[in-house]
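Please arrange chain B on chain A, whose structure you already have, making use of the hints.
Chain by chain, the residues:
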Amino acid sequence: MNQLRRAFLKNAGAVGTVAVAIAAGLLKPGAVFAAAWNSLAFTAKDPAEAIKNAGYSGAAESSDIVIKAPDIAENGAVVPITATSNIPGTTSMAIFVEKNPAPLIADFAFSNGAEPYISTRVKMAKTSIVRVSVKAGGKNYTSSREVKVTIGGCGG
Amino acid sequence: MAEAMKMRATMEGNVVDVKVLIQHPMETGLMKDAKTDKLIPAHFINQVVATLNGKTVLDAQWGVGIAQNPFIGFRIKGAKPGDKVGVNAVDNLGTKFDGEVVVA
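Chains as they are written, first to last, in our numbering: chain A, 1 to 156; chain B, 1001 to 1104.
Some, not all, of what chain A presents toward chain B, calculated at C-beta under 7 Å:
# : residue
1 : V97
2 : A106
3 : A109
4 : N112
5 : R121
6 : K123
Capping the alpha-carbon separation at 30 Å, the derived lysine-lysine pairs in DSSO-like fashion look like this:
#  : chain 1 : residue 1 : chain 2 : residue 2
7  : B       : K1006     : B       : K1080
8  : A       : K126      : A       : K148
9  : B       : K1019     : A       : K68
10 : B       : K1080     : A       : K68
11 : B       : K1055     : A       : K139
12 : A       : K99       : B       : K1035
13 : B       : K1077     : A       : K68
14 : B       : K1055     : B       : K1080
15 : B       : K1096     : B       : K1006
16 : B       : K1019     : A       : K148
17 : A       : K68       : B       : K1055
18 : B       : K1035     : A       : K126
19 : A       : K45       : B       : K1035
20 : A       : K126      : B       : K1038
21 : A       : K148      : A       : K99
22 : A       : K126      : A       : K99
23 : B       : K1096     : A       : K45
24 : A       : K99       : B       : K1038
25 : A       : K126      : B       : K1032
26 : B       : K1032     : A       : K99
27 : A       : K45       : B       : K1032
28 : A       : K68       : B       : K1006
29 : B       : K1038     : A       : K45
30 : A       : K139      : B       : K1077
31 : B       : K1084     : B       : K1055
32 : A       : K148      : B       : K1032
33 : A       : K99       : B       : K1019
34 : A       : K68       : B       : K1084
35 : B       : K1019     : A       : K126
Calculated directly from the structure, the hints in this document are not laboratory data.
Quantities reported herein were computed from a predicted structural model and do not represent experimental measurements.
Cβ atoms here follow ideal geometry from the backbone N, Cα and C, with glycine treated the same way.
Excised from the complex, chain A in its bound form (with noise of 0.2 Å):
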């Protein structure tokens, strides 16, 4: 990191480019990104208030979200989850690990035509419930299932 940071300066040429980058905002970390980072939410410890500091609480619960996991995790650092919300005008899509150290996941908001489908891998570290929760036209609505890990996925 450092080494590549000093290369960069030096192929900058002079510490004045630099300062223009940064006054273009080509520097600027983040700048493509909507929201600041939910620190709050990403470091709740308790599933209840990281669903809460998300803005996922009060949900109702609804078959209409489609989690495929599998039932058993021989490896907890790598679990595919994948999630579908079938429910009309979904805008975002939380995924929550609730026996996890930080039982949030991921939080993803859709636009202009994604479709409320993500595909990734979590680590988990036990057998724990995968709660996806959504939110469309205003309400929040989530499903679960449980996943059995036989080994942690954070070095247990």
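Just chain B now, kept in the frame of chain A:
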């Protein structure tokens, strides 16, 4: 750091299926180095934005629970072959990752 990201975008009917792989350690900050017995500092991608022809389609925030060398698959309706899908990501240390692929 384009070489850290691999992308594929293929049409399935009128929907483009995008798959993205990013090389990243995704350190949680909770694990100890086996040799030094010291905690390995957290180092993880925390924001990811995907675009179709420059328009945002997916705006994601990640925590430490996404697996190492993150994979993400998503689908965009109304895309056609030749369209460009871009992905920008940044980690908690400010390192940026980006990739672009033409829909096949």
